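K.L.:
Below are the chains, spelled out letter by letter.
Protein chains: 2
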Amino acid sequence: MAANPKAGNTKSRILDATAELFMRYGYTGTGLKQIVADANAPFGSLYHHFPGGKEELGVEVIHRSGAMYLELVSGVIDAAPDLLSGVRDCFAGAAEVLRATDYADACPIETVALEVASTNEPLREATAQVFESWIDGAFARFRAADIDEPTARELSITLIALLEGAFVLCRASRTTEALEAAGNTAAIVVEAALRGRAT
Amino acid sequence: MAANPKAGNTKSRILDATAELFMRYGYTGTGLKQIVADANAPFGSLYHHFPGGKEELGVEVIHRSGAMYLELVSGVIDAAPDLLSGVRDCFAGAAEVLRATDYADACPIETVALEVASTNEPLREATAQVFESWIDGAFARFRAADIDEPTARELSITLIALLEGAFVLCRASRTTEALEAAGNTAAIVVEAALRGRAT
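From first to last, the protein sequence lines stand for chains G and V. Residue 100 in the working numbering sits at position 100 of the first sequence; the count goes up by one each step and never skips. Residue 267 in the working numbering sits at position 68 of the second sequence; the count goes up by one each step and never skips.
For the record, the hints were derived by calculation from the structure and aren't laboratory data. Take the hints with a grain of salt, since some may be wrong.
[As the list claims (entries may be wrong)] Subject to a maximum C-alpha distance of 30 Å in a straight line, what follows is the list of computed DSSO-like cross-link-like pairs (lysine-lysine):
| no. | chain 1 | residue 1 | chain 2 | residue 2 |
| --- | --- | --- | --- | --- |
| 1 | V | 253 | V | 232 |
| 2 | V | 210 | V | 253 |
| 3 | G | 11 | G | 54 |
| 4 | G | 11 | V | 232 |
| 5 | V | 210 | V | 232 |
| 6 | G | 33 | V | 210 |
| 7 | G | 54 | V | 253 |
| 8 | G | 54 | G | 33 |
| 9 | G | 33 | G | 11 |
| 10 | G | 54 | V | 232 |
Predicted model only: the values in this text are computed from it and were never measured.
Based on the provided sequences and hints, a complete structural model is requested.
P.N.:
Following this line, the structure appears as structure tokens:
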């Protein structure tokens with residue numbers, strides 16, 4: 001449908017390459033030259049597709065990575081026989097990906113979120129919106145399991161916090177122990193909330 | 200005791216300024232010129248005290264900030280009437296500091312840990328050692344409360360993961376909701392572990 005299908009491909013390659021670089025090197029550590037080299041794109045195409053430069057590209061990558069990650073994690077939860085197994089599977093799956101990628105592929109926006117929190121409002125807002133979309137995704141599932149609203153909200157935030165915190169510890173230690181511990185904790189509080197429904 | 204007390208002061212000022220800059224801008228985003236400007240130190244003093252340059256300075260700042268933060272958090276826990284209140288106080292205190300510092304002062308090494316995890320082994324190892332020292336600090340307190348070793352280890356990792364994960368969410372959203380949710384979750388699992396001691 002695009003007037004020039006090749007242009008679309010170039011833009012996609014730039015977005016993919018940037019997402020990959022952000023995960024490994026963060027926002028500040030990712031250079032525009034590296035992006036176009038990894039995307040196999042001419043330098044001019046970057047400003048053609050993203051006239052606002054690195055910041056505009058960054059905002060789009062954060063939203064795109066966030067949506068892809070939401071889809072991935074939602075798929076894992078929904079494929080499980082029940083919510084508790086689904087939550088456990090998220091942590092186990094994340095540990096598997098970390099080991100398989102030499103402890104590089106964890107959360108696609110976490111490094112960037114911390115780098116920009118005190119320095120770049122448009123990028124900070126984009127990361128906040130993505131985290132909120134993940135919290136909403138978990139919230140809908142806890143509500144569907146008849147957990148009351150305040151508990152579902154607290155549980156959803158806890159789930160994302162446990163994942164993000166475990167990612168930092170796992171990437172630093174190059175072990176998956178923290179994801180295992182965090183997964184067990186998530187299971188304990190989800191189970192308690194499910195038991196609490198009757199009261 | 201130093202041959203030149205002023206030299207000691209300069210080194211301290213460089214370390215303090217770097218720690219502050221790391222928290223706000225991360226490792227990559229912190230420039231040497233900014234460090235000496237903030238430390239009110241001549242540029243040459245940086246390489247005089249840290250012949251290995253930014254990396255050597257970074258390793259020392261990570262260990263120093265890590266030790267100071269351990270002392271701070273241990274002090275909060277030990278000042279509480281009991282372990283459960285102490286854990287709650289950690290999250291409440293962290294939320295207070297975040298609000299007071301315009302959501303800048305969270306974990307002193309988290310941004311750096313994520314930036315260097317896939318790019319700089321000496322810095323990654325330093326962050327891993329600091330996280331492990333925090334886990335050990337919590338572990339000693341859970342063991343002193345008669346919680347068995349595997350549970351104490353899991354609880355200690357969970358505590359640090361909840362704090363680190365909540366910091367990311369709070370800094371991104373500029374609210375302290377995640378620290379409140381994470382603090383409640385920490386209290387639930389610590390209480391469960393304390394109850395489980397008798398069995």
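K.L.:
Next step is simple, just say for each hint if it's right about the structure.
P.N.:
Cross-check of the supplied hints:
no. : hint          : in the structure
1   : V:253 - V:232 : 11 Å, holds
2   : V:210 - V:253 : 13 Å, holds
3   : G:11 - G:54   : 13 Å, holds
4   : G:11 - V:232  : 36 Å, violated
5   : V:210 - V:232 : 15 Å, holds
6   : G:33 - V:210  : 36 Å, violated
7   : G:54 - V:253  : 25 Å, holds
8   : G:54 - G:33   : 11 Å, holds
9   : G:33 - G:11   : 15 Å, holds
10  : G:54 - V:232  : 24 Å, holds
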